[in-house]
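K.L.:
Turn these sequences into a full structure, and let the hints guide you.
The sequence shown: position 59 = 59 (the UniProt record's numbering), numbered continuously.
Some clues are possibly wrong.
Cut-off 20 Å, straight-line C-alpha distance, at most; resulting in silico cross-link-like pairs (EDC-like, lysine to aspartate or glutamate) [unchecked claim]: (1) K70 <-> E43; (2) K162 <-> E196; (3) K155 <-> E141; (4) K162 <-> E188; (5) K70 <-> E60; (6) K162 <-> D181; (7) K176 <-> E188; (8) K177 <-> E141; (9) K55 <-> D20; (10) K74 <-> D56; (11) K147 <-> E188; (12) K162 <-> E191; (13) K70 <-> D92; (14) K176 <-> E196; (15) K155 <-> D111; (16) K199 <-> D181; (17) K70 <-> E86; (18) K199 <-> D184; (19) K110 <-> E71; (20) K70 <-> E141; (21) K199 <-> E141; (22) K87 <-> D203; (23) K176 <-> E191; (24) K70 <-> D111; (25) K74 <-> E43.
Everything labelled a hint here was simulated from the structure, so no lab data went into it.
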Amino acid sequence: PENLQASVGKPIFTVDRMYDVTPSGVVMGLAWTAMGGSTLFIETSLRRPQDKESKDGTLEMTGQLGDVMKESVKIAYTFARAFLMEKVPTNDFLVTSHIHVHVPEGATPKDGPSAGCTIVTALLSLALNQPVRQNVAMTGEVSLTGKILPVGGIKEKTIAAKRAGVSCIIIPSENKKDYCDLADFITEGLEVHFVEHYKEIFDIVFSKSDSPGR
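P.N.:
Quick look at the structure:
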């Protein structure tokens, strides 16, 4: 009814997305808060031109990140550098560039390791100058060697993905049981990938037909 909002108040959650189409360097993750699940975008950008002479890039982080999430960014950065050098040996972008990682919304404190795989993907997207597959969201802690580790809040995160119009989600293999326990109406219409290592995520989100742009 028209007066529903006046009676019960505004909805706690909205379906608005910060990005309808994610550009290079921006990837959608999934978060779990006291209020439930939500989408979480990771933004990466070049702070200043590559420093070819010193071969020493830098990393800046903003977005009111807690200690665990700051460590997660550092781990993702180290792994992304090694992964890219192995995948595209001629691309030294992550080694020589001065990069800024931001997690909107800046006024909201954020913590935890579950955005690790999303941060790696955003860094690689920036380095390759290639947007990731659209309407994909992911969650998973990443280890220094690229293993994808289990996270909490799978139900809430899956509901958030559906609410945001996501068509494909990527979650750790060790969370498969959590996902399979969900009701059909939650998972209906979702393409889901259970992954053990980051290289599986790379193959899902970066089209093989697109050549790296840098």
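K.L.:
So, for every hint listed, does it hold in this structure?
P.N.:
Consistency of the hints with the structure:
no., hint, verdict
1, K70 <-> E43, "holds, 14 Å"
2, K162 <-> E196, "violated, 23 Å"
3, K155 <-> E141, "holds, 17 Å"
4, K162 <-> E188, "holds, 9 Å"
5, K70 <-> E60, "holds, 10 Å"
6, K162 <-> D181, "holds, 16 Å"
7, K176 <-> E188, "holds, 16 Å"
8, K177 <-> E141, "holds, 17 Å"
9, K55 <-> D20, "violated, 36 Å"
10, K74 <-> D56, "holds, 15 Å"
11, K147 <-> E188, "violated, 28 Å"
12, K162 <-> E191, "holds, 11 Å"
13, K70 <-> D92, "violated, 23 Å"
14, K176 <-> E196, "holds, 11 Å"
15, K155 <-> D111, "holds, 19 Å"
16, K199 <-> D181, "violated, 26 Å"
17, K70 <-> E86, "violated, 25 Å"
18, K199 <-> D184, "violated, 29 Å"
19, K110 <-> E71, "holds, 12 Å"
20, K70 <-> E141, "holds, 13 Å"
21, K199 <-> E141, "holds, 14 Å"
22, K87 <-> D203, "holds, 12 Å"
23, K176 <-> E191, "holds, 13 Å"
24, K70 <-> D111, "holds, 8 Å"
25, K74 <-> E43, "holds, 15 Å"
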